[in-house]
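Protein chains in written order, with the numbering used here: chain H, 1 to 179; chain A, 1 to 177.
Please note: incorrect hints may appear among the correct ones.
Claimed, not checked - Estimated spans, in silico, between C-beta atoms of each pair: (1) Thr104(A) with His36(H): 45 to 53 Å; (2) Asn100(A) with Ala13(H): 30 to 38 Å; (3) Thr71(H) with Leu16(A): 13 to 21 Å; (4) Asp31(H) with Ala121(A): 58 to 66 Å; (5) Asn45(A) with Gly123(H): 31 to 39 Å; (6) Ala26(H) with Asp30(A): 16 to 24 Å; (7) Leu161(A) with Leu23(H): 55 to 63 Å; (8) Thr71(H) with Arg67(A): 16 to 24 Å; (9) Ala87(A) with Leu27(H): 52 to 60 Å; (10) Gly146(A) with Trp16(H): 35 to 43 Å; (11) Trp16(H) with Phe26(A): 25 to 33 Å; (12) Ser60(A) with His36(H): 37 to 45 Å.
To be verified - List of simulated lysine-lysine pairs, DSSO-like, C-alpha gap at most 30 Å: (13) Lys86(H) with Lys76(A); (14) Lys86(H) with Lys9(A); (15) Lys144(A) with Lys34(H); (16) Lys176(H) with Lys59(H); (17) Lys76(A) with Lys9(A); (18) Lys176(H) with Lys76(A); (19) Lys86(H) with Lys116(A); (20) Lys176(H) with Lys116(A); (21) Lys135(A) with Lys176(H); (22) Lys59(H) with Lys86(H); (23) Lys34(H) with Lys116(A); (24) Lys144(A) with Lys116(A); (25) Lys116(A) with Lys76(A); (26) Lys144(A) with Lys86(H); (27) Lys76(A) with Lys34(H); (28) Lys116(A) with Lys135(A).
For the record, the hints were derived by calculation from the structure and aren't laboratory data. Cβ atoms here follow ideal geometry from the backbone N, Cα and C, with glycine treated the same way.
As a plain string of letters, each chain reads:
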Amino acid sequence: MTDHRIWDPFVRAFHWSVAAGFLANALLIEDDSKLHEWVGYAILTLLGLRILWGFIGPKSARFSSFWPTRTGVTEQLSDLATRRRKAHLGHTPLGALMILNLFLSLLAIGLTGWMMTTNTFWGVEWVEEAHEALVTWAEISVVLHVAAVIWESWRTGVNLPQAMITGTKRVPDDVKLVP
Amino acid sequence: MTVAFKTDKPQALIALIAVQSLCAAFFLWDVVNDLGPNGLRALANLHIAIEALAALALVSAIVYETRALMALLRRKAHLENQVSIAAGAFHDIMLDHFQNWGLTAAEQDVAGFTIKGLSIAEIADLRGSAEGTVKSQLNAIYRKAGVPGRGALLGLLVDDLMNAPLTSEKPLQKEAS
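Full structure from sequences and hints, please.
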């Protein structure tokens, strides 16, 4: 086993607070309540900070280090097709696609949610429908994300949930690391 | 000719699968909404039943395409930078045998490497697995192929290559590969 420090404290705090906020707002908190609005704004603020962090933060947090490319995606799919056990230290290309999908979905959910509070769009049907459809899409994405994390952890032997808590990836010695 | 397909980039297929998955997700969501409080009894409605069937057909198409994509990627994983007809023909014979023997995806990869002459340690390094894993995979390959070892395995394939026409359509090749 080799330990690699990879996720800085802000990335980890962002991940878990956005996850908690989204689940709370989607499943627990009353839709019409003030709390629902405040949790939504908190998630938007966190997203804004995370995107800024993607430009000025440490290397593994930067978009430039994990922006998905077509070759990267094809290579990861080839590893899956041939059952080769290769691990990425940062985000995998497919994982990065999911990250971008979740960022954009959450931004759009926040935007439509805020629009519902404005005089112009209050009570406008398509805004509310879009808000709800986007939440359904984000919920499906979260389920896929969790399933993919479990699968990738099993496939590579790197405990990914643990790495997002401790910030350190423990990589088994025989696993090949993708640079 | 299958040669055009060989050099094909898998990216078009990946994009197609992605778009169709989005459509399938939408149609399935729509069907689930239509089922509503009536549950499966709503399928008695002809329109909803047809919608459900169409959605399921789309899902099975995606499953089929994904399998084809995985086969294409496995093929390309051992065929980078090989453009000669002989290399292509040998590769086709190899894959055809692998499928007949019922090798798993991992075993196909290991077999491809061992036929190229790589050692167990090299294969383990390339595949990011333990040497013991590669050894047991090799044993499974030899058992399924009914040969005692690497030499005999290679012999089987070379024997077929000698008999196979190089320039015409290859009778051994399957379209899905």
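Hint check:
Checked against the hint of 45 to 53 Å, the C-beta distance between Thr104(A) and His36(H) comes to roughly 49 Å, which is consistent with it. Asn100(A) and Ala13(H) have their C-beta atoms about 54 Å apart, which leaves the hinted 30 to 38 Å range violated. Range check, Thr71(H) to Leu16(A): about 18 Å between beta-carbon atoms, so the 13 to 21 Å window is met. One distance hint, 58 to 66 Å for the beta-carbon pair Asp31(H) and Ala121(A), holds here, with the actual separation near 59 Å.
At about 32 Å, the beta-carbon gap between Asn45(A) and Gly123(H) stays in the expected band of 31 to 39 Å. Distance hint check for Ala26(H) and Asp30(A): the Cβ-Cβ separation is about 20 Å, which falls inside the suggested range of 16 to 24 Å. The supplied range of 55 to 63 Å is met by Leu161(A) and Leu23(H), whose beta-carbon atoms lie about 58 Å from each other. At roughly 22 Å, the beta-carbon separation of Thr71(H) and Arg67(A) lies within the given 16 to 24 Å, and the hint holds.
In this structure the supplied range 52 to 60 Å holds for Ala87(A) paired with Leu27(H), their Cβ-Cβ distance being about 55 Å. A hinted range of 35 to 43 Å is violated for the C-beta pair Gly146(A) and Trp16(H), which are about 54 Å apart. At roughly 30 Å, the beta carbons of Trp16(H) and Phe26(A) sit within the given window of 25 to 33 Å. In this structure the supplied range 37 to 45 Å holds for Ser60(A) paired with His36(H), their Cβ-Cβ distance being about 40 Å.
Only pairs whose Cα atoms come within 30 Å are accepted, and Lys86(H) paired with Lys76(A) is accepted, the gap being roughly 17 Å. Pair hint Lys86(H) plus Lys9(A) holds up; C-alpha atoms about 22 Å apart against a cutoff of 30 Å. Proposed proximity of Lys144(A) and Lys34(H) is contradicted: the alpha carbons are some 65 Å apart, above 30 Å. A distance of roughly 21 Å separates the Cα atoms of Lys176(H) and Lys59(H); the hinted pair therefore holds under the 30 Å criterion.
At most 30 Å may separate the alpha-carbon atoms for a hinted pair to count; Lys76(A) and Lys9(A) meet this at roughly 9 Å. Between the alpha carbons of Lys176(H) and Lys76(A) the distance comes to roughly 20 Å, so the proposed pair stays at or under 30 Å and holds. Restraint check for Lys86(H) and Lys116(A): the C-alpha separation of about 21 Å stays at or below 30 Å, so the hint holds. At most 30 Å may separate the alpha-carbon atoms for a hinted pair to count; Lys176(H) and Lys116(A) meet this at roughly 20 Å.
At roughly 18 Å between alpha-carbon atoms, Lys135(A) and Lys176(H) fall within 30 Å of each other, so this suggested pair holds. A C-alpha spacing of about 21 Å is found between Lys59(H) and Lys86(H), which places the hinted pair at or below 30 Å, so the restraint holds. At roughly 66 Å between alpha-carbon atoms, Lys34(H) and Lys116(A) are farther apart than 30 Å, so this suggested pair is violated. Between the alpha carbons of Lys144(A) and Lys116(A) the distance comes to roughly 19 Å, so the proposed pair stays at or under 30 Å and holds.
Among the hinted pairs, Lys116(A) with Lys76(A) is consistent with the structure: their alpha-carbon atoms are about 15 Å apart, no more than 30 Å. Restraint check for Lys144(A) and Lys86(H): satisfied, since their Cα atoms lie roughly 27 Å apart, inside the 30 Å limit. Taking the CA atoms of Lys76(A) and Lys34(H), the gap is near 55 Å; set against the 30 Å cutoff, the hint is violated. A C-alpha spacing of about 16 Å is found between Lys116(A) and Lys135(A), which places the hinted pair at or below 30 Å, so the restraint holds.
Hint check: violations occur at hints 2, 10, 15, 23, 27; the rest are consistent with the structure.
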